[in-house]
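Number of protein chains: 4
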Amino acid sequence: MRPQAHASLPPVRLAVVGTGYWGPNLIRNARELDCFDLQAVCDLREEILVRVRSRYPGVRTTTRLDDIMSDDAIEAVVIATPVSTHYDIAAAALAAGKHVLVEKPLAGSLDMAARLAADASARGLVLLPGHTFLYSPPVNLIAGMIARGELGDIYFASTSRVNLGLHQSDVSVIWDLAPHDFSILRYWFGEIPLSATATGRACILPGVADVAFVSLEFPHGVVAHTELSWLAPAKLRRTTIVGSQRMVIYDDTSPEPVRIYDSGVLLESPQSFGEFKLTYRTGDILSPRVEPTEPLSLELRDFHDAIRTGSEPRSSATIGVEVVSMIEAAEQSLGADGRRVAVAVPTTTAAAGHL
Amino acid sequence: MRPQAHASLPPVRLAVVGTGYWGPNLIRNARELDCFDLQAVCDLREEILVRVRSRYPGVRTTTRLDDIMSDDAIEAVVIATPVSTHYDIAAAALAAGKHVLVEKPLAGSLDMAARLAADASARGLVLLPGHTFLYSPPVNLIAGMIARGELGDIYFASTSRVNLGLHQSDVSVIWDLAPHDFSILRYWFGEIPLSATATGRACILPGVADVAFVSLEFPHGVVAHTELSWLAPAKLRRTTIVGSQRMVIYDDTSPEPVRIYDSGVLLESPQSFGEFKLTYRTGDILSPRVEPTEPLSLELRDFHDAIRTGSEPRSSATIGVEVVSMIEAAEQSLGADGRRVAVAVPTTTAAAGHL
Amino acid sequence: MRPQAHASLPPVRLAVVGTGYWGPNLIRNARELDCFDLQAVCDLREEILVRVRSRYPGVRTTTRLDDIMSDDAIEAVVIATPVSTHYDIAAAALAAGKHVLVEKPLAGSLDMAARLAADASARGLVLLPGHTFLYSPPVNLIAGMIARGELGDIYFASTSRVNLGLHQSDVSVIWDLAPHDFSILRYWFGEIPLSATATGRACILPGVADVAFVSLEFPHGVVAHTELSWLAPAKLRRTTIVGSQRMVIYDDTSPEPVRIYDSGVLLESPQSFGEFKLTYRTGDILSPRVEPTEPLSLELRDFHDAIRTGSEPRSSATIGVEVVSMIEAAEQSLGADGRRVAVAVPTTTAAAGHL
Amino acid sequence: MRPQAHASLPPVRLAVVGTGYWGPNLIRNARELDCFDLQAVCDLREEILVRVRSRYPGVRTTTRLDDIMSDDAIEAVVIATPVSTHYDIAAAALAAGKHVLVEKPLAGSLDMAARLAADASARGLVLLPGHTFLYSPPVNLIAGMIARGELGDIYFASTSRVNLGLHQSDVSVIWDLAPHDFSILRYWFGEIPLSATATGRACILPGVADVAFVSLEFPHGVVAHTELSWLAPAKLRRTTIVGSQRMVIYDDTSPEPVRIYDSGVLLESPQSFGEFKLTYRTGDILSPRVEPTEPLSLELRDFHDAIRTGSEPRSSATIGVEVVSMIEAAEQSLGADGRRVAVAVPTTTAAAGHL
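Protein chains in written order, with this note's numbering: chain E, 71 to 425; chain H, 71 to 425; chain A, 71 to 425; chain S, 71 to 425.
Excised from the complex, chain E in its bound form (with noise of 0.2 Å):
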């Protein structure tokens, strides 16, 4: 991890916008930590209003979203609210020349992120959508170990996210769980899929998908496979990353988040025609210790150092505006009979040189 700036550079004046779910996390670390100076936070409700201050004095509070974005003392946003408000809070944020921390996914549809993020960047502001993974220890732990070329040639990965939880009313379970193992798989893979292919089914809500099988395929080869569910008997949070040198197993829920199995099949060659041998390896499995930091802090952080520094956030724009694209592929193709989609590259990628 890069030197962090934070430490030097004075704070940045805050507001939080929206208290649900995540909303109250978001609210703890930004007055914990040391580089934000939390000015004020706004809700529709204002008994939650009431809470918060009696929790954080000091803290304003307010029901009306024109106090926060005319309040020229407050120089950062951070927008928790459901997803179908994100675009246009976020572009009010930015139009009040605030720069805007956004709950993941960056907006409701690939054309608003793309212009959201055309806007941030036109004006000089930063824009961070919310992937809290990218800054998750064993998430990182894992992309230093692809970048290091230590699985070998990736093959392909399989993830699971599943189990009995709270559906959405308006939008499938790609729209709300999708966003975490995909913007998972951009970071690793350093690339954004050239197509997906979904099947699924709406059980409880007509209409709303809530278990779904997602595909992607990659440039350079990889395919990951995504499986998403808010109906399941137990939790599971497990993605499998199969490389030509090593597989890893990374389980957010386990006392052993990531882990490292030294086994893998050698195609021996040249062979001649028809003839194959493989040889299967199959050796120690290791359980690296993996530092307890909480990411949404390491987010926060990363969040100060590029307004203060003009540095590039690990959670950018570009990534936020993708993860929309692969999410809109996927969908389409989940209401396609599975069609294979391809994921549309975003200009702010092509503009980035990402591609």
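Please keep in mind that the hints were generated in silico from the structure rather than gathered at the bench.
Any given hint might turn out to be false.
Since copy identity is lost for identical chains, a pair holds within one copy or between any two.
To be verified - Simulated crosslink set (SDA-like; lysine to any residue; CA at most 20 Å straight-line): (1) K305 / P325; (2) K305 / R316; (3) K305 / Q238; (4) K347 / L236; (5) K305 / L236.
Go by the hints and put chains H, A and S onto chain E.
Chains H, A and S alone, transformed into the frame defined by chain E:
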């Protein structure tokens, strides 16, 4: 389970053809069961037959298939040879008037499988494809729960069958591993799927997919998803079935192979448009005791009873043909960019009045 | 659980003394519960009191214990200080006419514990030792099964409470960890053991045992064994209870904290001399759903109700004294080469008619 | 492991006495190994001998022990009979000039075990007690780590060997199960304990303890604790070894039988009186690959080599006698209210210069 007839009826005079991976298990069981009289074993490799003779004195051995087929004392043949030879050997055995148990999949194409089934039917001979899992106590415990409606409406099933194992050089992982899951799903749900969608990759051997993700859509709405791989760091044999009343996890490698979750989600009605009220329920988890009976022994007894009493074996020729039809559709989809492919309804299925 | 009185009765005016490891949990719960009015917090470290004031505006803080004891508005004191100070602070609070909840173990010796209990009884004040596990839903689920005879005759219990954790420098691992298991065993079996036998070792700090194995023999024949350690590679919180009808595994760290095994062994009788016929039975395993209620919250409510209604708290002074008696016997055995040491029956126990 | 001599040396002509629980494994291995020529099998039950003859044509069978002892062609005898008969049969075999492999424990008392060892030594015959775990790859992997000092100073070991299993009617669970753990501990630590302390209970059969907790104190300070039971809801085979540098969990039932924890606690020194500074370290966890060799096959090869080359077998008569001495001390303690009982040092141990 119905009363078993084998106890009181004379043993069936048997020959086993093929002593590779699975053949020795068949030979051992055939010897230990009173309902069979193992007379001969056929294999191309004389060095293996030497061992068979030393281990099972009194059993004749031969490298010539004709010795089996022309031996009128032999009533039934068990075929455990490579898939590509199933059709020719089974057809020859049927032509010689012998009952046939042939390892799964029944044949290398739907056309061949259907011809075997029709031939057996015309000749009044038993043709039992070796879908051993249909005789597995955990599979049948779950089948009973489904049949009695204890899971409620079945929403979906998700299965994983992966580990670092033996690659086949001529057929994909679908032909190799899917017969297990497909036969179980077909047996549980009592119908063949409408369509299959498959993605995957040939990671090691060009042209031979060693990882595949297959979605199946069943007429009554159930979606099933199957992950198959010869490349995985750790063995997984996990099947999740999600119903409206209960959910089940079936894991053949666990000391608790069946776990029943008394959990679910309720959609309360009536609701005004766009208003949904969901209630989640999480209850007890039960691991029922499962009899440790060896499935292969039950399968062989079923073969005997079908021969002696004319009963339909649980693993019927019809199911064998249907499984091959499912495999063919999945393979076609895999070769067509994951396009949804209709599963052909075998004529035997229609003839048997199964649809 | 009996109907809870706290809802309709006035809140108890409370002070918390000690804000170390466990104190903050007590403060948080006392604030969140309507049945308490947290008035003051006392600690020797002013720097911690600053944080308390910032987090809980309106709560008075002091470094002087006398400020608490002399404040007539305060009805009850919660003591979460080191064990060596329990007696003096609790005695002072009782002398000041205040009800007392004191963290476990009740005091640093049986003599002191018994004097506190007698003092509280004489003054008509509540003295509740903080045996929080007596309010744990899994512990109570098992207590109910035992009380209803569902396990049959209890043969023995075996517990492990180990991991790599904080050494105490003044007391052994028995004083530190045994209060958990001893209070649970005392609660489940409804009697105090006749004797204790302990072995162990001081591996790191000379004279301070950091691993211990304690056997307890109960009047009705149950044997209990407790493994305690600050030195272990992996966290274990495993309690096995073996009964003639059923067996139970209780693991507080598991998502399935209680597992009930419908297994057992039967000795058929009558048998001629030396002839035994045993029948082993292995049945279903049930993981009952357990309410996720926080035990500390239930403990505090019980404290409130005892104060307001005169009811005996589940974690009674009698139990607190008995647990200290068990600890003293185990410590003596540890210091005497594992010799069996009788557990002294506290006078409070006899007085209460518990034996 | 030292180079194995069996390849080049002539096979040993062998008889097996006793075909109960373990005998069939010995017979099967003896047949499959080139270094043995299995000539005869002796058992009191003719109906079992019929099966032996059918399965192993060419092997003579007899119900008369004398037929074995008087057959000069037989060089070595493997004894797998009940413990109470070990001494008489082994003594007869030694008297007949035959090498002896006798199942564990070596004999039913220290006195008898020592006499067998002395007898074998005087006659220059091999006496190998069947402590098969000394040939287990995981046990030897750990032995190597200990010998190389990779665990640092060993503080303690804690083992559990429990499940719902076969009661013996004549000997306690200590005689039945402790030989496994005691032989492993003796092998790892290279010394016999000074003393044993045991508690337990006879839950089912009067006078026959079916659960026991044994503490052993070794000369160099290691404390070992062993939990043994025929009554437990779930199978446990868990051994924890805690060292100053690393800790190990060994579980023979796990696909990862050895797990090495790079964790520990450091006492920093020098410290002023009463001031302790401890540093806890939690590092990686490694599951090394362990060869899947069958221990019994290695044990039999060692028996062959000892006979043909005069080498000392790893499971030596000395170890066999020492294990019986440990058992006797534990049994005495169990019968004496858990009093600490000194482990007698066998004369063979002293003679062999082991202490």
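Each hint tested on the structure:
In this homomeric assembly, K305 and P325 come within 20 Å of each other (Cα to Cα) both inside a single copy, at 15 Å, and across copies, at 10 Å. Taking the shortest alpha-carbon separations for K305 and R316, only the inter-copy value of 15 Å comes in at or below 20 Å, while the best intra-copy value is 26 Å. Taking the closest pair of Cα atoms, K305 and Q238 come within 20 Å of each other only inside a single copy of the chain (18 Å); across copies the shortest separation is 34 Å, beyond that limit. For the homomeric pair K347 and L236, the shortest alpha-carbon distance between copies (11 Å) is at most 20 Å, but the shortest distance inside one copy (49 Å) is not.
For a Cα distance limit of 20 Å, the shortest separation of K305 from L236 inside one copy, 13 Å, qualifies, whereas the shortest one across copies, 31 Å, does not.
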